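S.K.: Throw the hints in and build the complete structure from the sequences for me.
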Amino acid sequence: MTKAIDMDQTMKNRIRKFREKILETGLADPDTICFSLKEGTQISGAVGTRFFSFSLGSELQGDLQMHSAVYKKHPKFRALIHVCGRNILTAARAGRPVKGVLDDFVQIIGPNVRMMEASDDPAEFLRALKRRNAVLVKNQGAICAGADPDDCLAAGLVLEKGCRAVIESFFLGGAAGINWFEARLMRFVYQFKYSKRGQQAAGFKAAAGR
Amino acid sequence: MESRDYQKQIVRAGLMLLGKKLAARTWGNVSLRTGADRFVITPSGIPYEHLEPEQVPEVNIKTLSWSSGLKPSSETGIHAGIYLNRPDIHAIIHTHQSAASSLSATRYKRFDFNSNDAKILGGTVAVAPYALPGTGKLKKAAVNGLLKNNALLLANHGAICIGRDLSEAFKMASVLESACERFLLSHFSKIYRIEQPSIENLHETYLKLNTPEMS
Numbered sequence: 007m008t009k010a011i012d013m014d015q016t017m018k019n020r021i022r023k024f025r026e027k028i029l030e031t032g033l034a035d036p037d038t039i040c041f042s043l044k045e046g047t048q049i050s051g052a053v054g055t056r057f058f059s060f061s062l063g064s065e066l067q068g069d070l071q072m073h074s075a076v077y078k079k080h081p082k083f084r085a086l087i088h089v090c091g092r093n094i095l096t097a098a099r100a101g102r103p104v105k106g107v108l109d110d111f112v113q114i115i116g117p118n119v120r121m122m123e124a125s126d127d128p129a130e131f132l133r134a135l136k137r138r139n140a141v142l143v144k145n146q147g148a149i150c151a152g153a154d155p156d157d158c159l160a161a162g163l164v165l166e167k168g169c170r171a172v173i174e175s176f177f178l179g180g181a182a183g184i185n186w187f188e189a190r191l192m193r194f195v196y197q198f199k200y201s202k203r204g205q206q207a208a209g210f211k212a213a214a215g216r
Numbered sequence: 170m171e172s173r174d175y176q177k178q179i180v181r182a183g184l185m186l187l188g189k190k191l192a193a194r195t196w197g198n199v200s201l202r203t204g205a206d207r208f209v210i211t212p213s214g215i216p217y218e219h220l221e222p223e224q225v226p227e228v229n230i231k232t233l234s235w236s237s238g239l240k241p242s243s244e245t246g247i248h249a250g251i252y253l254n255r256p257d258i259h260a261i262i263h264t265h266q267s268a269a270s271s272l273s274a275t276r277y278k279r280f281d282f283n284s285n286d287a288k289i290l291g292g293t294v295a296v297a298p299y300a301l302p303g304t305g306k307l308k309k310a311a312v313n314g315l316l317k318n319n320a321l322l323l324a325n326h327g328a329i330c331i332g333r334d335l336s337e338a339f340k341m342a343s344v345l346e347s348a349c350e351r352f353l354l355s356h357f358s359k360i361y362r363i364e365q366p367s368i369e370n371l372h373e374t375y376l377k378l379n380t381p382e383m384s
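For the protein sequence lines, the chains are C and A, in the order given. In short: position in the first sequence from 1, add 6, done, that's the working numbering. In short: position in the second sequence from 1, add 169, done, that's the working numbering.
Hints listed in this document are in silico derivations from the structure and should not be mistaken for laboratory results. The hints are all genuine.
Here are the simulated DSSO-like pairs of lysine-lysine, each with C-alpha atoms no more than 30 Å apart in a straight line:
{"#": "1", "chain 1": "A", "residue 1": "189", "chain 2": "C", "residue 2": "27"}
{"#": "2", "chain 1": "C", "residue 1": "136", "chain 2": "C", "residue 2": "27"}
{"#": "3", "chain 1": "A", "residue 1": "177", "chain 2": "A", "residue 2": "240"}
{"#": "4", "chain 1": "A", "residue 1": "240", "chain 2": "C", "residue 2": "82"}
{"#": "5", "chain 1": "A", "residue 1": "340", "chain 2": "C", "residue 2": "27"}
A few chain C residues that don't get close to chain A, going by computed Cβ distances all over 12 Å:
{"#": "6", "residue": "12"}
{"#": "7", "residue": "13"}
{"#": "8", "residue": "15"}
{"#": "9", "residue": "18"}
{"#": "10", "residue": "45"}
{"#": "11", "residue": "46"}
{"#": "12", "residue": "82"}
{"#": "13", "residue": "120"}
{"#": "14", "residue": "126"}
{"#": "15", "residue": "127"}
{"#": "16", "residue": "132"}
{"#": "17", "residue": "138"}
This structure is a prediction, so every number in the text was calculated from the model and none was measured. Glycine is no exception: its CB is placed at the ideal position from the N, C-alpha and C atoms.
M.R.: The structure is reproduced here in structure tokens:
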């Protein structure tokens, strides 16, 4: 078993704050919450009330092994959260991929979200995550990925709303999907714009002397 | 009122959008008319909780040019079009609220809500035809849909609510959300003959109908 790294106070505070932020959204339960953040070569996070920190090269098991595999394969991702909001859980229990029927869903997550069986195999998870920011895990919920903690939480929120739209519209005759081309176009434009936004905000703050 | 006061109102309105769960992060937008030909609006891509008054741009209704602050929201054209066509309107909020989004995804032409909700919302609520965000097509659909009404669903996207001031626009958004929730449950109860329908019933029924091993 790999030895955990000591977590400094700044990181502990960051993990504590982000844990509270996730819990406020109702996307996870205090006892089962699971998330990680990557900073440099260090992966830190929480499982339930227990905080952890490992180096990226460590040999890990279970969920953390999957997190480590994602961070290695996709350097752009720096946050992963397991989410189980009511609508996500129902979609996960139904066991089918969920199509994006709302604009913000296709922009932030992708044209759809794939469904995978619960598994410890990182390769299976990486396949399901290909060109997406979330994966549904059958009967369990979903795992969301993002370039930063807020981006990752945003994926969780739009996934919950997108699953809700699919479930609720089912009783009104079903949702009209967004066509293939438009969904991919929106996703591309969003990702391009998003990469520039951070620079714009930083530039404004620098100009304002803050 | 000074421009700065309007900018502060936009910051507060952004936080209200979050607090009332009508939008999250940078989604949706809010604007406030500041004069016959100008309005302030939330900028593009800044999370509401990080927004500062000086970042809020003031936009010319006719030219869409802006002074001060950051680049305005990508949906500024929709706000300008509504202000041009509705001189009685002084506040606009575009939300991504959940229940309204669910109904908008059906692409029904309109929803007839119960009489109390309809009274506040100004009759039936139309669903604007689908158009990609930020396009002229979406602007035209939104402006046309709000010529006579004060609330509109945007297909597969969210809602726009307008008012004589921000509190009226917010009230419209809250009523719209609860009207959408009631509409869904009432429709569900009629189909499945459930006297006291709940979201729990709805999810159970969804799973029965969509999970092979449960059906």
